[in-house]
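**Student:** The chain contents come next:
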Amino acid sequence: MTVTLLLQTLLAAPGTGNSGFDVGRMMAIIIAAIFVNNFVLSRFLGICPFLGVSKQLDSAIGMGSAVIFVMTLATLGSWTVYNLLLVPMGLAYLRTIAFILIIASLVQLVEMILQKFSPTLYQALGIFLPLITTNCAILGVAVLNIDEKYNLGYSLVNAIAAGIGFTLALVLMAGLRQKLELADVPPALKGKPVAFLVAGVMSIAFLGFAGLGS
Amino acid sequence: MSLVKDLTNGIYRENPIFKLALGMCPFLAVTTSVENAIGMGAAATFVLICSNFLVSLLRNLIPSKVRIPCYIVIIATFVTLVDMIMNAYVPDLHRALGIFIPLIVVNCIILGRAEGFANRHPVLNSVADAVGMGIGFTLAMILLASFRELLGNGTWLNINVLGPGYRNQPLLIAILAPGAFILLGFILGFFNILEKRRGGGQR
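Chains A and B, in that order, are what the protein sequence lines are.
Here our numbering is used: the first residue of the first sequence is 2, the next is one more, and so on.
Here our numbering is used: the first residue of the second sequence is 60, the next is one more, and so on.
Derived by calculation from the structure, the hints in this document are not laboratory data.
Source: prediction; values computed, not measured.
It is possible that part of the hints are untrue.
Unchecked claim - With a straight-line cut-off of 20 Å between C-alpha atoms, the simulated DMTMM-like cross-links for lysine to aspartate or glutamate are:
id : chain 1 : residue 1 : chain 2 : residue 2
1  : A       : K193      : B       : E73
2  : B       : K78       : B       : E254
3  : A       : K150      : B       : D142
4  : A       : K193      : B       : E254
5  : B       : K124      : A       : E182
6  : A       : K191      : B       : E254
7  : A       : K56       : A       : D148
Said to hold, decoys possible - Going by beta-carbon spacing under 7 Å, a handful of chain A positions derived as facing chain B:
id : residue
8  : V88
9  : T97
10 : P131
11 : T135
12 : L140
13 : V144
14 : A184
15 : V186
16 : K193
17 : L198
18 : S204
19 : A211
To be verified - Pair ranges (Cβ atoms, derived):
id : chain 1 : residue 1 : chain 2 : residue 2 : range
20 : A       : D148      : B       : L216      : 40 to 48 Å
21 : B       : R226      : A       : T81       : 19 to 27 Å
22 : A       : K117      : B       : F249      : 47 to 55 Å
A virtual CB, placed ideally from N, CA and C, is assigned to each residue, including glycine.
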């Protein structure tokens with residue numbers, strides 16, 4: 002009984018036409034989330050860590066993996082709570098509060114679990130985890146999945162792809178900024194301004210993907 | 060006197076965008092038009108004032124260990140209110156701002172002011188600080204949005220400024236995503252020069 006219910010909700014968000022799981026649609030979602038609507042460079046989500054943690058390649062990769070990890074879990078949690086708890090009880094308007102609490106407690110939980118069971122992973126991701134609660138990309142992907150009426154399968158695919166897109170932008174930016182350390186930048190543009198200019202040029206490059214997937 | 064100081068603090072000296080670099084995501088995303096910028100600014104200012112008020116009022120009641128979750132719940136409550144009010148009265152604007160209304164919750168300016176100011180100052184000062192920060196945030200958004208709307212669409216607040224000739228072939232990139240990054244880069248550079256010009260004496 003419960004299993005059938007779970008399967009039903011997994012494959013069809015209530016009240017939408019998005020039933021089933023279509024590989025073509027999945028590919029479209031993946032390409033859109035990584036390239037066409039890149040979370041950082043086109044949707045402007047997660048700019049703070051994008052600027053803050055992109056000074057070194059190592060930390061960029063660490064932050065990126067932490068974001069993919071938490072994003073997937075947060076989507077799982079928020080989608081389930083929204084569609085199985087809030088909607089049936091007529092509490093859909095509590096979405097924002099519920100999601101931010103899920104994300105905050107999830108981050109805390111992940112931190113504790115990692116610390117206990119995988120100290121090496123904790124050392125790699127640990128310092129980035131608290132920063133993630135206020136990363137708007139996480140809440141963003143949770144809200145987007147609801148707005149787009151994706152079912153759970155598509156939501157998870159979208160979350161993982163969005164995380165990969167975020168990591169891609171972060172790693173590219175870190176590589177560029179390491180080179181930028183040695184470049185001769187006009188004094189007025191040193192630091193943040195030139196980082197924004199570089200992000201702009203990268204964003205132009207990502208505009209080239211606009212025709213894909215549509 | 061200190062009320063006025065708290066109020067003006069956020070507008071220039073500690074402008075959340077140009078000086079503290081907080082709240083970048085909505086700042087870059089919704090500045091495609093001046094109208095959106097004003098709408099977002101108003102929404103964020105409302106949440107900022109309410110949350111600063113409540114946090115300051117409850118600052119002696121909230122145990123410091125769980126203060127961040129408490130602040131987040133307070134902020135999220137007001138964001139939900141704003142979301143519903145905007146959906147009811149300005150549905151077009153609500154649609155234009157889209158996902159960035161619920162995302163006010165994770166706007167670092169609001170949590171930053173709750174944690175950095177409101178939990179240590181009396182109610183009136185906290186509200187003054189929130190008003191100042193809100194105005195500073197809104198003005199900064201209007202500044203970037205003006206550039207983007209003028210260059211990318213030839214209009215300012217939907218008023219045609221640069222004439223139909225320009226509107227036929229505008230600098231479209233200013234309204235697209237790269238325009239936001241590049242124009243903000245130049246604006247920050249300009250502020251750096253300004254700072255250096257007046258520099259020394261102040262610090």
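**Student:** Compare the structure with each hint and give your call.
**Tutor:** Verification of the hints:
In summary, the hint linking K193 of chain A to E73 of chain B is supported, as the alpha carbons are separated by about 16 Å, within the 20 Å threshold. Taken as a hint, the K78 of chain B and E254 of chain B pair is honoured in the structure, with Cα atoms around 11 Å apart against an allowance of 20 Å. As the CA atoms of K150 of chain A and D142 of chain B are separated by approximately 19 Å, the hinted pair is consistent with the 20 Å bound. With a C-alpha separation of about 15 Å, the suggested pair K193 of chain A and E254 of chain B falls inside the 20 Å cut-off, and the hint holds.
A threshold of 20 Å between alpha carbons decides the hint, and for K124 of chain B with E182 of chain A the separation of about 40 Å lies outside it, so the pair is violated. With a C-alpha separation of about 13 Å, the suggested pairing of K191 of chain A with E254 of chain B holds against the 20 Å cut-off. For the hint pairing K56 of chain A with D148 of chain A, the CA-to-CA distance comes to about 34 Å; that exceeds 20 Å, so the pair is violated. Because the closest C-beta pair between V88 of chain A and chain B is about 16 Å apart, greater than 7 Å, the hint is violated.
For T97 of chain A, the shortest C-beta to C-beta distance to chain B is roughly 5 Å, which falls under 7 Å, so the interface hint holds. Below 7 Å, beta-carbon pairs count as interface contacts, and P131 of chain A has none with chain B, the closest being about 10 Å; its hint is therefore violated. Taken as an interface hint, T135 of chain A checks out: its beta carbon lies about 5 Å from the nearest beta carbon of chain B, inside 7 Å. For the restraint placing L140 of chain A at the interface with chain B, the shortest Cβ-Cβ distance is roughly 5 Å, inside the 7 Å limit, so the hint holds.
Taking 7 Å as the C-beta cut-off, the interface hint given for V144 of chain A holds, the closest approach to chain B being about 5 Å. Hint on A184 of chain A is violated. Least Cβ distance to chain B is approximately 15 Å, over the 7 Å limit. Hint on V186 of chain A is violated. Least Cβ distance to chain B is approximately 10 Å, over the 7 Å limit. Interface restraint check for K193 of chain A: the shortest CB-CB distance to chain B comes to about 6 Å, inside 7 Å, so the restraint holds.
The beta carbon of L198 of chain A comes within 4 Å of a beta carbon in chain B, closer than 7 Å, and the hint placing it at the interface holds. Because the closest C-beta pair between S204 of chain A and chain B is about 4 Å apart, less than 7 Å, the hint holds. Because the beta carbon of A211 of chain A sits about 9 Å from the nearest beta carbon in chain B, more than 7 Å, this interface hint is broken. In this structure the supplied range 40 to 48 Å is violated for D148 of chain A paired with L216 of chain B, their Cβ-Cβ distance being about 28 Å.
Between R226 of chain B and T81 of chain A, the C-beta spacing of about 48 Å breaks the proposed range 19 to 27 Å. Between K117 of chain A and F249 of chain B the CB atoms are about 50 Å apart, so this pair conforms to the stated range of 47 to 55 Å.
Hint compliance for this structure: hints 5, 7, 8, 10, 14, 15, 19, 20 and 21 are not met, and every other hint is.
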